[in-house]
Amino acid sequence: MPSVTIQPDGIRTDTREGETVLQALSRSGYGFRVGCRRGGCGICKADLLDGEVDYPVAVSDTTLTDGERATGACLPCRAVPRGDITIQLRDDKLRCCSTLLASIYGADSTKGSC
Amino acid sequence: MGVMRLGYVHVRVTDLEASRFHYGETLGMKVVHETPNQIYYKGWDEFDHHSVVLEEGGVGLVKLGYKVEKSTDLDAIENRAQNFGCITERMSTGSNVAVGDGVRIVLPSEHVVELYHEIDYVGTEVGLLNPDPFPRHLVGVGVPRIDHALITCEDPAAQERFFSEVLGFRPVERVVTELDDGDLIGSWMSCTNTPHDIAFIKGENGKLHHFAYNLTDWTAIKHAGGIFAMDDVSVDVGPTQHGITRGETIYFFDPSGNRNEVFSGGYQTFADSPPITWTADQLAKGIFYIGRELNERFTSIVT
Numbered sequence: 001m002p003s004v005t006i007q008p009d010g011i012r013t014d015t016r017e018g019e020t021v022l023q024a025l026s027r028s029g030y031g032f033r034v035g036c037r038r039g040g041c042g043i044c045k046a047d048l049l050d051g052e053v054d055y056p057v058a059v060s061d062t063t064l065t066d067g068e069r070a071t072g073a074c075l076p077c078r079a080v081p082r083g084d085i086t087i088q089l090r091d092d093k094l095r096c097c098s099t100l101l102a103s104i105y106g107a108d109s110t111k112g113s114c
Numbered sequence: 001m002g003v004m005r006l007g008y009v010h011v012r013v014t015d016l017e018a019s020r021f022h023y024g025e026t027l028g029m030k031v032v033h034e035t036p037n038q039i040y041y042k043g044w045d046e047f048d049h050h051s052v053v054l055e056e057g058g059v060g061l062v063k064l065g066y067k068v069e070k071s072t073d074l075d076a077i078e079n080r081a082q083n084f085g086c087i088t089e090r091m092s093t094g095s096n097v098a099v100g101d102g103v104r105i106v107l108p109s110e111h112v113v114e115l116y117h118e119i120d121y122v123g124t125e126v127g128l129l130n131p132d133p134f135p136r137h138l139v140g141v142g143v144p145r146i147d148h149a150l151i152t153c154e155d156p157a158a159q160e161r162f163f164s165e166v167l168g169f170r171p172v173e174r175v176v177t178e179l180d181d182g183d184l185i186g187s188w189m190s191c192t193n194t195p196h197d198i199a200f201i202k203g204e205n206g207k208l209h210h211f212a213y214n215l216t217d218w219t220a221i222k223h224a225g226g227i228f229a230m231d232d233v234s235v236d237v238g239p240t241q242h243g244i245t246r247g248e249t250i251y252f253f254d255p256s257g258n259r260n261e262v263f264s265g266g267y268q269t270f271a272d273s274p275p276i277t278w279t280a281d282q283l284a285k286g287i288f289y290i291g292r293e294l295n296e297r298f299t300s301i302v303t
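Which chain is which? The protein sequence lines are A and B, in order.
Quick note: the first sequence uses UniProt numbering, first residue 1, plus one each step.
Quick note: the second sequence uses UniProt numbering, first residue 1, plus one each step.
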């Protein structure tokens with residue numbers, strides 16, 4: 001299972017088959033600033049520091065332009081990791097919304113607050 | 001003044017097929033026409049040919065259509081819009097599927113509004129003779145009809161003046177920064193007897209905040225919420241009640257990120273009803289009366 005590491009806190013969690021970055025984080029008890037969750041608003045836009053992602057569902061090219069994709073921007077609400085990836089949030093930090101889920105799904109919170 | 005009601009909302013979507021499930025199966029609208037990159041829908045209790053048009057390519061609002069009472073209203077509205085300083089153009093029969101001649105106006109807010117008198121008559125799914133109160137094979141939420149739209153603009157005062165002076169709407173509820181000479185930051189305006197047929201709040205020109213469907217009552221809102229959960233619809237806020245309009249609501253996003261709403265209740269308003277005023281410090285209570293908090297999404301996401 002590909003892993004997702006979120007900077008700046010370095011929190012890591014695994015993803016399931018076909019799961020988006022946001023879905024994996026939510027299932028693992030973590031959240032951050034998101035908007036429509038459908039790729040239309042760009043609120044969750046972040047930077048892909050390492051690895052590659054796919055977009056199985058189309059996102060608007062006005063929300064994520066080709067130029068932004070080329071420079072590493074991604075939309076975690078629609079991005080599905082191809083392998084292990086690292087993402088840097090923009091002006092935001094990952095928050096633990098459920099310590100119960102974080103404990104169940106084993107998110108690596110040794111570098112972040114939980 | 002001859003604008004009767006909101007007739008259609010035309011929006012862009014990133015994926016027509018993904019949208020087909022949302023608007024057809026989740027909301028329960030009926031497809032009435034298709035082209036390679038567009039789908040036309042109507043609600044079961046709407047008489048005219050269509051009320052929602054989806055166009056593939058991006059997100060956001062293409063245009064709003066309002067139906068006028070008489071064809072001569074178009075001349076008067078065109079004249080008033082030009083005097084207001086707006087760019088107008090005539091649209092002829094066929095430039096919109098099933099819609100007759102009309103006037104297209106670019107608002108001060110850069111949104112496009114179309115006024116028309118003729119549109120193909122289809123009729124509701126229960127008919128006009130001894131009708132049942134609802135069709136028995138509704139799908140999903142089974143939305144009866146569209147209700148209103150909320151758009152954003154840099155100058156709400158100019159926008160309110162346009163809808164009042166050119167289209168004959170009247171302000172039903174207004175939000176000002178402060179009483180006595182405060183700035184207008186939002187207006188809910190009506191051309192019917194509902195609390196709003198259009199609303200706008202201060203924000204970026206040309207953007208859509210949401211468009212809404214009218215449901216019967218609070219129970220129907222709750223039922224819609226159940227359908228949204230079943231279909232993994234991204235919900236923004238609700239179920240809750242508004243202070244402004246008093247309506248019950250759930251806000252949610254279509255698969256492309258356009259915000260929709262299901263709305264019920266509200267109150268009746270009339271031509272002589274004085275406008276209600278809210279002050280900005282009470283805006284959160286005005287919009288979400290029960291929770292009295294605005295979430296970040298609600299005020300920052302427009303498409």
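Quick caveat, the hints were computed from the structure, so don't treat them as lab data.
This one's a predicted model, so the numbers in the text were calculated from it and none came from an experiment.
Careful, some of the hints might be misleading.
What the hints assert, rightly or not - From the structure, some residues in chain A lie toward chain B, with a derived Cβ separation under 7 angstroms:
(1) Cys36
(2) Arg37
(3) Pro56
(4) Ala58
(5) Arg69
(6) Ala70
(7) Tyr105
To be verified - Capping the alpha-carbon separation at 30 angstroms, the derived lysine-lysine pairs in DSS-like fashion look like this:
(8) A:Lys93 - B:Lys63
(9) B:Lys30 - A:Lys93
(10) B:Lys285 - B:Lys70
(11) A:Lys45 - B:Lys30
(12) B:Lys222 - B:Lys285
(13) A:Lys93 - B:Lys222
(14) B:Lys207 - A:Lys93
(15) B:Lys30 - B:Lys222
Yeah, the Cβ is synthetic: ideal placement off N, Cα and C, and Gly gets one too.
Status of the hints after comparison with the structure:
no. : hint                : in the structure
1   : Cys36               : holds, 4 angstroms
2   : Arg37               : holds, 4 angstroms
3   : Pro56               : violated, 10 angstroms
4   : Ala58               : holds, 4 angstroms
5   : Arg69               : violated, 15 angstroms
6   : Ala70               : violated, 19 angstroms
7   : Tyr105              : violated, 19 angstroms
8   : A:Lys93 - B:Lys63   : violated, 38 angstroms
9   : B:Lys30 - A:Lys93   : violated, 43 angstroms
10  : B:Lys285 - B:Lys70  : violated, 40 angstroms
11  : A:Lys45 - B:Lys30   : violated, 34 angstroms
12  : B:Lys222 - B:Lys285 : holds, 21 angstroms
13  : A:Lys93 - B:Lys222  : violated, 34 angstroms
14  : B:Lys207 - A:Lys93  : holds, 29 angstroms
15  : B:Lys30 - B:Lys222  : holds, 22 angstroms
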